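Fit chains B and C to the known structure of chain A by using the hints.
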Amino acid sequence: MVDIQETTLDTLEPGEKARITKVRVKGAARRKLFDMGMVAGADIELVRNAPLGDPMDYRIKGYHLSIRKEEASQIFINKL
Amino acid sequence: MEKREIKIALTGNPNVGKTTLFNALTGSRQHVGNWPGVTVEKKSGRISYKEYDIEVIDLPGTYSLTAYSMDEIVARDFIIEEKPDLVIQVVDASNLERNLYLTTQLMELGSQMLIVLNMCDIAEERGDRIYIDKMQELLATPVITTVATQKKGICDLLDKVIEQKQIEQHHGHEIGYGNEIEEKILEIEKVLSEDETRDKRYPLRWVSIRLLEGDSNVRQKISDSPVYERAMAIIDSIDQEEYEAEIADKRYLAINTVFPQMCTRANDTLTKSDMIDRVLTNKYLGIPIFLALMWGAFELTFAFATPFMDMIDIAATWFADYVSSSLHPDWLASLVGDGIIGGVGAVLVFVPNIFILFFLLSLLEGSGYLARAAFIMDKLMYKIGMHGKSFIPMLMGFGCNVPAIMAARSIEDDKDRLITILIVPFVSCGARLPIYVLFAGTFFGRQAGTVIFAMYILGILIAIISAKLLRGTVVKGKPAPFIMELPPYRVPTFKTSVIHMWDNGFMYIKKAGSIILVGVVVIWIMASFPWGVEYGSEASYVGSLGHAVEPLLKPLGFDWKISVALIFGLVAKEIVVASMGVLYGAGDNSEALSERLLADPGITALSSLSLMAFSLLYMPCVATVGVIKKETGSWKWTMFAIIYGVLVAWITAFIIYQGGRLLGY
Amino acid sequence: MVIKGDSVNEMPDTRIPMIFSIITGTLYIFLGLLQLSSGIGRILLGPDVQIPLTNILFIPADIIGAFVLLLIGTVFIYGVMEMRNGIYEGVSYAYVGILIALIFASIYILVSTGNMLEAYLLKNEDFVDWTLLSDMRPGIYLAALPLIAFIKWKDMFDPTPETGVLKL
Numbered sequence: 001m002v003d004i005q006e007t008t009l010d011t012l013e014p015g016e017k018a019r020i021t022k023v024r025v026k027g028a029a030r031r032k033l034f035d036m037g038m039v040a041g042a043d044i045e046l047v048r049n050a051p052l053g054d055p056m057d058y059r060i061k062g063y064h065l066s067i068r069k070e071e072a073s074q075i076f077i078n079k080l
Numbered sequence: 001m002e003k004r005e006i007k008i009a010l011t012g013n014p015n016v017g018k019t020t021l022f023n024a025l026t027g028s029r030q031h032v033g034n035w036p037g038v039t040v041e042k043k044s045g046r047i048s049y050k051e052y053d054i055e056v057i058d059l060p061g062t063y064s065l066t067a068y069s070m071d072e073i074v075a076r077d078f079i080i081e082e083k084p085d086l087v088i089q090v091v092d093a094s095n096l097e098r099n100l101y102l103t104t105q106l107m108e109l110g111s112q113m114l115i116v117l118n119m120c121d122i123a124e125e126r127g128d129r130i131y132i133d134k135m136q137e138l139l140a141t142p143v144i145t146t147v148a149t150q151k152k153g154i155c156d157l158l159d160k161v162i163e164q165k166q167i168e169q170h171h172g173h174e175i176g177y178g179n180e181i182e183e184k185i186l187e188i189e190k191v192l193s194e195d196e197t198r199d200k201r202y203p204l205r206w207v208s209i210r211l212l213e214g215d216s217n218v219r220q221k222i223s224d225s226p227v228y229e230r231a232m233a234i235i236d237s238i239d240q241e242e243y244e245a246e247i248a249d250k251r252y253l254a255i256n257t258v259f260p261q262m263c264t265r266a267n268d269t270l271t272k273s274d275m276i277d278r279v280l281t282n283k284y285l286g287i288p289i290f291l292a293l294m295w296g297a298f299e300l301t302f303a304f305a306t307p308f309m310d311m312i313d314i315a316a317t318w319f320a321d322y323v324s325s326s327l328h329p330d331w332l333a334s335l336v337g338d339g340i341i342g343g344v345g346a347v348l349v350f351v352p353n354i355f356i357l358f359f360l361l362s363l364l365e366g367s368g369y370l371a372r373a374a375f376i377m378d379k380l381m382y383k384i385g386m387h388g389k390s391f392i393p394m395l396m397g398f399g400c401n402v403p404a405i406m407a408a409r410s411i412e413d414d415k416d417r418l419i420t421i422l423i424v425p426f427v428s429c430g431a432r433l434p435i436y437v438l439f440a441g442t443f444f445g446r447q448a449g450t451v452i453f454a455m456y457i458l459g460i461l462i463a464i465i466s467a468k469l470l471r472g473t474v475v476k477g478k479p480a481p482f483i484m485e486l487p488p489y490r491v492p493t494f495k496t497s498v499i500h501m502w503d504n505g506f507m508y509i510k511k512a513g514s515i516i517l518v519g520v521v522v523i524w525i526m527a528s529f530p531w532g533v534e535y536g537s538e539a540s541y542v543g544s545l546g547h548a549v550e551p552l553l554k555p556l557g558f559d560w561k562i563s564v565a566l567i568f569g570l571v572a573k574e575i576v577v578a579s580m581g582v583l584y585g586a587g588d589n590s591e592a593l594s595e596r597l598l599a600d601p602g603i604t605a606l607s608s609l610s611l612m613a614f615s616l617l618y619m620p621c622v623a624t625v626g627v628i629k630k631e632t633g634s635w636k637w638t639m640f641a642i643i644y645g646v647l648v649a650w651i652t653a654f655i656i657y658q659g660g661r662l663l664g665y
Numbered sequence: 001m002v003i004k005g006d007s008v009n010e011m012p013d014t015r016i017p018m019i020f021s022i023i024t025g026t027l028y029i030f031l032g033l034l035q036l037s038s039g040i041g042r043i044l045l046g047p048d049v050q051i052p053l054t055n056i057l058f059i060p061a062d063i064i065g066a067f068v069l070l071l072i073g074t075v076f077i078y079g080v081m082e083m084r085n086g087i088y089e090g091v092s093y094a095y096v097g098i099l100i101a102l103i104f105a106s107i108y109i110l111v112s113t114g115n116m117l118e119a120y121l122l123k124n125e126d127f128v129d130w131t132l133l134s135d136m137r138p139g140i141y142l143a144a145l146p147l148i149a150f151i152k153w154k155d156m157f158d159p160t161p162e163t164g165v166l167k168l
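Chains as they are written, first to last, in our numbering: chain A, 1 to 80; chain B, 1 to 665; chain C, 1 to 168.
In short, the hints are calculated from the structure, not lab data. Since the structure is predicted, the reported quantities are computational estimates derived from the model, not experimental observations. All C-beta atoms in this analysis are idealised placements derived from N, C-alpha and C, irrespective of residue type, glycine included. Worth double-checking, as some hints may not be accurate.
As a list, the in silico DSS-like pairs of lysine-lysine whose alpha-carbon atoms are at most 30 Å apart [unchecked claim]: (1) B:Lys379 <-> A:Lys26; (2) A:Lys79 <-> B:Lys283; (3) A:Lys69 <-> B:Lys250; (4) B:Lys3 <-> B:Lys134; (5) B:Lys3 <-> A:Lys69; (6) B:Lys383 <-> A:Lys22; (7) B:Lys415 <-> A:Lys69; (8) C:Lys154 <-> B:Lys495.
A partial selection of chain C residues facing chain B, derived with a Cβ cut-off under 8 Å [said to hold, decoys possible]: (9) Ile64; (10) Val68; (11) Leu71; (12) Val75; (13) Ser92; (14) Tyr93; (15) Ile100; (16) Phe104; (17) Leu110; (18) Gly114; (19) Leu117; (20) Glu118; (21) Tyr120; (22) Asn124.
In isolation and in its complexed conformation, chain A is listed as follows (with noise of 0.2 Å):
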């Protein structure tokens, strides 16, 4: 067995998978992020950093989203 550690979303490394634990976003962004399919339970997993590093492209529920790695520290995930 795996021991299954929580830790952030900007924490993964690229090609690492993992299942969100609690979206600690406040505000505006954290409805877009519900609306976005980034709600607890939801595998995730990175595909690669922008050029710059940062945003993030993820791959959920089958699709690529983009998120800053300010948004990213306040969800946690368990690596999976």
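Relative to chain A, chains B and C alone:
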């Protein structure tokens, strides 16, 4: 026989082929305008099919119907208030799960629905299987498959629309949100239902759910209801963020319970789109490729447009001459010839640029690269207080500020967009180059290139400083969060791009045109009166105005002649050079003008530097003012742009001129 | 990196796109360097000095264009490096390289069409000496190679292994 009317609304996520379907349905019979009160584009069209007259309204593409953006509010208000006979959701078959999220919300609105499954080819190619029958059954909504790019299935779709129209009643499909939330929903529904004066078009359950989610737009809608306080008391008793998360969770849960039965998704295979992205967003190659492509777009927008601009110029000149020589009395000939045709011609010259630019922007957007451009540049832009999406408009500004400001439409967040619109005029456009060439060439000889380059840098610096300054003062707050889909790459459809180009090109001519017309007439009156004076000479009103503002501009090193030239430059900045020619009696001859400028003790190298900086930064030309008004929809911000520009220009020129003098130049 | 989780042995053959990328990439880089030196030479030595070969190869003294050529070449060569390391996705670079090469060739041809309008239709005096060959440049004629590849491999760049193998 009288045709029967059907009103249908087209909705769906962005990038699902909604516009292509709309174009396939309505062809050229479209009407483009804005939704009342907002700058969101409204498109509608009509089709005659069998014994029906079908009106199609293309709602803005949205991921959801929460009040995150103006687009979403416009879309849901239309569905609720106008009650279209049928709401058609265009669904991307290759991205079914997320698309169904919008479906759940549309169902809550209680509208009669139809799902159009688009891009089945892409889904199939990827190995996905979608079971249409099962889908219809589970969603209790008819599902039609089309490939909108091939016009296939359009007739099937229309037949189905008519069939649905005949079935009057439909059964609602509700999502259960779990005991706790459902209790609260009932509580709020009960309170709200006591208000007999409420807007009955809004379903109670929907309003209650939106309130629990903290939707400020809905909250405002019921704010004058007598039961408002009581409803709010319930809302205040809950942990709203928890509810918001829980409601979204439940919607996805509802999707997840039906989804596996209607679709089996292939394992995540490598797609063509992933292959392209591997290169285009590559750590080392991504930025160089982006810059090269932007340079290419730039080259096309401005180099390819040149012959067409020349044609318009020749036509306008010929027409102005023809009118001047054939119209009587003289003042009318001069007004129409010199003033209106000359002035409007000077601005119409930009139309080829605008058409090409919009065509290319539409290609970039349709191909999916526009999203990558924002993705690539976001970090840099964020550092100066802006959003990644602001980069392309700013870059376009180097060609012409007018299409650049129009390109800012792709920015959803109002504040981000406003800042972009306000700082684009500081980006040195092509029309300012002749001014630099004249003065730098005359006064700086071998250093001319460096001086011109410095002007471009100055413009960029002022734009960056302004962005920071505006963020700290009048447009407070951080740039909107970057939460953006990177849609799969696609071959853009030519037809969609052409339609986009026409729509926006004509919008520019129509809307900006009227303001430009007023601008040029005012300038003409000032240059021609009192009647009988030579056009734009010292004795005319503009000459007097030049003398009047001279004391204000004296500290910058400008005399009345330069002041007059700057006033003319308001029509289009390159006119500064032409009017200097008139004022110095050198006409079109640039060498003669250079000599006379050098001989004039009123202009020194230092004051010419100050002048170049001033013409770069002062009030944007009338065409730009026209689009600023049109795009912000506000005279307040338009005036702000003008006053702010003049102030910045004055201060910068003052620092250059007085600083230079202090240093002994 | 393996497609569809199959074993490494089934990785499609990348030899042909590799050879193609080497040839095309080298050509673009070589002509890019020539064009760059021609452009820099124009600035440093004045317009009278001719870099050898620039005349017969229709190389303009255009530095930005030179960077575009170098960039396209680099994309091809970058792909070669990945393919050599056994990464199938390296063919992506050949694919995108072909697309970018074709995009720029089209841009140059369109701009040239504009110049043609200036010369023949508007009779602009700045374009009296203009002929069809005036705008000929490596960015246009080099694109013949990617064009052939594009037509020949139109459906071959599908990433699924069944069709992903590039055949001549």
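Results for each hint:
1. Proposed proximity of Lys379 (chain B) and Lys26 (chain A) is supported: the alpha carbons are some 21 Å apart, at most 30 Å.
2. Between Lys79 (chain A) and Lys283 (chain B) the CA atoms are separated by roughly 25 Å; this keeps the pair inside 30 Å, and the hint holds.
3. About 27 Å separates the Cα atoms of Lys69 (chain A) and Lys250 (chain B), which keeps this hinted pair within 30 Å; it holds.
4. For the suggested pair Lys3 (chain B) and Lys134 (chain B), the alpha carbons sit about 35 Å apart, so the restraint of at most 30 Å is broken.
5. Restraint check for Lys3 (chain B) and Lys69 (chain A): not satisfied, since their Cα atoms lie roughly 56 Å apart, outside the 30 Å limit.
6. With a CA separation close to 28 Å, the supplied pair Lys383 (chain B) and Lys22 (chain A) stays within the 30 Å bound.
7. Taking the CA atoms of Lys415 (chain B) and Lys69 (chain A), the gap is about 21 Å. The hint holds against a cut of 30 Å.
8. For a cut-off of 30 Å, the pair hint linking Lys154 (chain C) to Lys495 (chain B) stands: about 22 Å separates their Cα positions.
9. A distance limit of 8 Å between C-beta atoms decides the matter here; for Ile64 (chain C) the minimum to chain B is near 6 Å, and the interface restraint holds.
10. Of the supplied interface hints, the one on Val68 (chain C) holds, with its beta-carbon coming within about 5 Å of a beta-carbon of chain B, less than 8 Å.
11. At its closest, the beta carbon of Leu71 (chain C) sits 5 Å from a beta carbon of chain B; the interface hint therefore holds under the 8 Å criterion.
12. For Val75 (chain C), the shortest C-beta to C-beta distance to chain B is roughly 6 Å, which falls under 8 Å, so the interface hint holds.
13. The closest approach between the C-beta of Ser92 (chain C) and any C-beta of chain B is roughly 4 Å, which is under the 8 Å cut-off, so the hint is satisfied.
14. Residue-level restraint check for Tyr93 (chain C) holds (minimum Cβ-Cβ distance to chain B is 5 Å; threshold 8 Å).
15. Nearest Cβ of chain B to the Cβ of Ile100 (chain C): about 7 Å, under the 8 Å cut. The hint holds.
16. Satisfaction of the interface hint for Phe104 (chain C) is found here, the shortest Cβ-Cβ separation to chain B being roughly 6 Å, below the 8 Å cut-off.
17. Nearest Cβ of chain B to the Cβ of Leu110 (chain C): about 5 Å, under the 8 Å cut. The hint holds.
18. With a least beta-carbon distance of about 5 Å to chain B, the hint placing Gly114 (chain C) at the interface is held under the 8 Å criterion.
19. Satisfaction of the interface hint for Leu117 (chain C) is found here, the shortest Cβ-Cβ separation to chain B being roughly 4 Å, below the 8 Å cut-off.
20. Taking 8 Å as the C-beta contact cut-off toward chain B, the hint placing Glu118 (chain C) at the interface holds, the least distance being around 5 Å.
21. For Tyr120 (chain C), the shortest C-beta to C-beta distance to chain B is roughly 10 Å, which exceeds 8 Å, and the interface hint is violated.
22. The interface hint given for Asn124 (chain C) holds, since its Cβ lies 7 Å from the closest Cβ of chain B, which is under the 8 Å cut-off.
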